[in-house]
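Kindly produce the complete structure, drawing on both the sequences and the hints.
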Amino acid sequence: RRGSSFSSPVVDPAACSHVNGFKVDNWKQNLRVIYRCFVWSGSAETRKRKAKSCVCHVCGAHLSRLHSCLYCVFFGCFAKKHIHEHAKSKRHNLAIDLLYGGIYCFVCQDYIYDKDMEQIAKEEQRKAWKLQAHLFAPAGIGERYSTWEPTKRELELLQHNPKRRRITTNCTIGLRGLINLGNTCFMNCIVQALTHTPLLRDFFLSDRHKCEMKPNSCLVCEMSQLFQEFYSGHRSPHIPFRLLHLVWTHARHLAGYEQQDAHEFLIAALDVLHRHCKGDDNGKKANNPNHCNCIIDQIFTGGLQSDVTCQVCHGVSTTIDPFWDISLDLPGSSTPFWPLSPGSDGSVVNGESQMSGATTLTDCLRRFTRPEHLGSSAKIKCSGCHSYQESTKQLTMKKLPIVACFHLKRFEHSAKLRRKITTYVSFPLELDMTPFMASSKESRMNGQYQQSMDTLNNDNKYSLFAVVNHQGTLESGHYTTFIRQHKDQWFKCDDAIITKASIKDVLDSEGYLLFYHKQFLEYE
Amino acid sequence: MSKESQLRALVNQKLIEMGERERLKELLRARLIECGWKDQLKAHCKDVIREKDSEHVTVEDLVAEITPKGRALVPDSVKKELLQRIRAFLAQHATL
Chain A
1 RRGSSFSSPV
11 VDPAACSHVN
21 GFKVDNWKQN
31 LRVIYRCFVW
41 SGSAETRKRK
51 AKSCVCHVCG
61 AHLSRLHSCL
71 YCVFFGCFAK
81 KHIHEHAKSK
91 RHNLAIDLLY
101 GGIYCFVCQD
111 YIYDKDMEQI
121 AKEEQRKAWK
131 LQAHLFAPAG
141 IGERYSTWEP
151 TKRELELLQH
161 NPKRRRITTN
171 CTIGLRGLIN
181 LGNTCFMNCI
191 VQALTHTPLL
201 RDFFLSDRHK
211 CEMKPNSCLV
221 CEMSQLFQEF
231 YSGHRSPHIP
241 FRLLHLVWTH
251 ARHLAGYEQQ
261 DAHEFLIAAL
271 DVLHRHCKGD
281 DNGKKANNPN
291 HCNCIIDQIF
301 TGGLQSDVTC
311 QVCHGVSTTI
321 DPFWDISLDL
331 PGSSTPFWPL
341 SPGSDGSVVN
351 GESQMSGATT
361 LTDCLRRFTR
371 PEHLGSSAKI
381 KCSGCHSYQE
391 STKQLTMKKL
401 PIVACFHLKR
411 FEHSAKLRRK
421 ITTYVSFPLE
431 LDMTPFMASS
441 KESRMNGQYQ
451 QSMDTLNNDN
461 KYSLFAVVNH
471 QGTLESGHYT
481 TFIRQHKDQW
491 FKCDDAIITK
501 ASIKDVLDSE
511 GYLLFYHKQF
521 LEYE
Chain B
1 MSKESQLRAL
11 VNQKLIEMGE
21 RERLKELLRA
31 RLIECGWKDQ
41 LKAHCKDVIR
51 EKDSEHVTVE
61 DLVAEITPKG
71 RALVPDSVKK
81 ELLQRIRAFL
91 AQHATL
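Top line first, the protein sequences correspond to chains A and B. First residue of the first sequence? That's 1 in full-length UniProt numbering, and the numbers climb one at a time after it. First residue of the second sequence? That's 1 in full-length UniProt numbering, and the numbers climb one at a time after it.
Errors might be hidden in some of the hints.
According to the in silico footprint, chain B covers these stretches of chain A (three or more CB under 8 Å from chain B) [stated by the list, open to error]:
hint, region
1, 49-58
2, 103-114
Pulled from the structure, derived: some chain A residues nowhere near chain B, Cβ distances all over 12 Å [unchecked claim]:
hint, residue
3, Glu85
4, Leu99
5, Arg201
6, Glu258
7, Leu304
8, His314
9, Arg370
10, Gly375
11, Ser440
Hints were generated in silico from the structure; no laboratory data involved. Nothing here was measured: the structure is a model prediction, and the numbers come from that model. We put the CB at the ideal spot given by N, CA and C, even for glycine.
As structure tokens, this is what we get:
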């Protein structure tokens, strides 16, 4: 009979019966001591002891995969078989690897995995790690990554569903066309962008949504279904009729068969998703829009700082508002578009070359974050002066979202005219938002554009992953999306048709909605 | 034991005592994951197991098969960084 007398009737193939000889008396405590002293030495005292005593008793070496006998105090090299000799002569059949903590059985001639011993090993490792956590922080190593261990339920699920999908570097899983249900490309293009937002994809594919709404009325559930469809491996285009119906139900202003604005759809969709996320580990803060912790807020919400400076007393009044996107005015619009600030000299910024005066995304962001003089007709009440004074207002980024969406305001709906601005705006593959941060504001105040010297600051670096384009006029137009798959592959999604695209295709396109993803994610 | 191995043992002792060995191990682990070394070797292990085809591939079998490749695949930048750290550590604790 294999296994210890404590095991369940199911035979564990990784266990060996030779540990039974060891598992007597106070073996658990003894094993803990061995782990604590010689494998994972957490305290200074155990480290000192380890440093002194962990050498091979035969040859004095410390580097040849040292093992400790489990039955007596003996350390021997594994590589030079000194521990093997000991095991044979003393008939001590178990040894522990001092580097990784694995238990070796000389009878089985392999490492064995006893559940109880593994449990002890894990606990001791965690304890030692905790003791040493302060030593690792300065090295910038951070939280220890522990591999995923399936729960009993997850094991059952895996056993009942044996089919596995293999992801290779050039597989097309996640790519799927969407049927146009009558001018619904405004919805299709956004769906393509969302289904290729990595964090959102991970959230939905790991089933993190817990629904609290009536069946068939929750947009988050429908998104979840959508992700299942996209990653199912089916190559035929998907028909998103349920999604369309839910959107009509929850965002009435978008209902109807006319062409709608993709940007409006994006904001409406994010809003409905945010509202329907009530059940997902929000705690008590679900109803506070400023402190929601739903997946939408975690991914898309940033903080925009507005500083109003009184021109008389120079007192600054600051407010911070949440945002899901940044809408940028373009040259040629009826709002004044300032030329490039005096400091620039055509240098390369953010990988955009400023040839032939083409407007860049950085130009638009610079304009967005420049100090704006609010004229004499728009005086603000200054709490310092206790009267109405002229002031300047400036917007900067206080907190950057994980996914930053830039909306190029191509559609003018002023009283005078309705038109589309087709000016080409060049945008980069990689974007550094550092110059537009509230923290970089000092240099902005001087009216000078200073390139950030802080190249080590990775927090503000973004990568382009989706571009929504609009072709045609205000009256009749069509939306398509470029999305990024794996690291460097781009595809064009035109309703039901998906084609491979080059990076040049993407960067040469007009650009209406630009989706950027943070390059480095921090644990909170 | 030769003078060189004596020195090695002494350095090793100091590294363990000051907790630097653990730090270096974790740093190395992080770097090797970042540069894809871990994934490469994992894939190689799977290939070896598949090739061996037998029910009983031992840890020893794997170690023998993958050690040369593993050693060769470590990027020079990683080696450089570790070496720099060890040098800096020794410089700091020059009483050796």
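Cross-check of the supplied hints:
1. Three residues within the 8 Å Cβ limit are the bar, and the region 49-58 of chain A against chain B gives 5, so the coverage statement holds.
2. For the region 103-114 of chain A, the assignment as covered by chain B holds, since 3 residues bring a beta-carbon within under 8 Å of that chain's beta-carbons and 3 suffice.
3. In this structure Glu85(A) is separated from chain B by more than 12 Å, as the shortest Cβ-Cβ distance comes to about 16 Å.
4. Its closest Cβ contact with chain B, about 9 Å, brings Leu99(A) to no more than 12 Å, contrary to its assignment away from the interface.
5. Separation of Arg201(A) from chain B is adequate, the least Cβ-Cβ distance of about 20 Å exceeding the 12 Å criterion.
6. With a least beta-carbon separation of about 49 Å from chain B, Glu258(A) lies farther than 12 Å from that chain, consistent with its non-interface assignment.
7. Separation of Leu304(A) from chain B is adequate, the least Cβ-Cβ distance of about 33 Å exceeding the 12 Å criterion.
8. Interface exclusion of His314(A) from chain B stands, the closest Cβ pair being 47 Å apart, more than 12 Å.
9. With a least beta-carbon separation of about 38 Å from chain B, Arg370(A) lies farther than 12 Å from that chain, consistent with its non-interface assignment.
10. No Cβ of chain B comes within 12 Å of the Cβ of Gly375(A); the nearest lies about 53 Å off, and the non-interface call holds.
11. Once the 12 Å rule is applied to beta carbons, Ser440(A) is consistent with being away from chain B; the minimum gap is 28 Å.
Comparing the model with each numbered hint stated earlier shows that hint 4 is the single one that does not hold.
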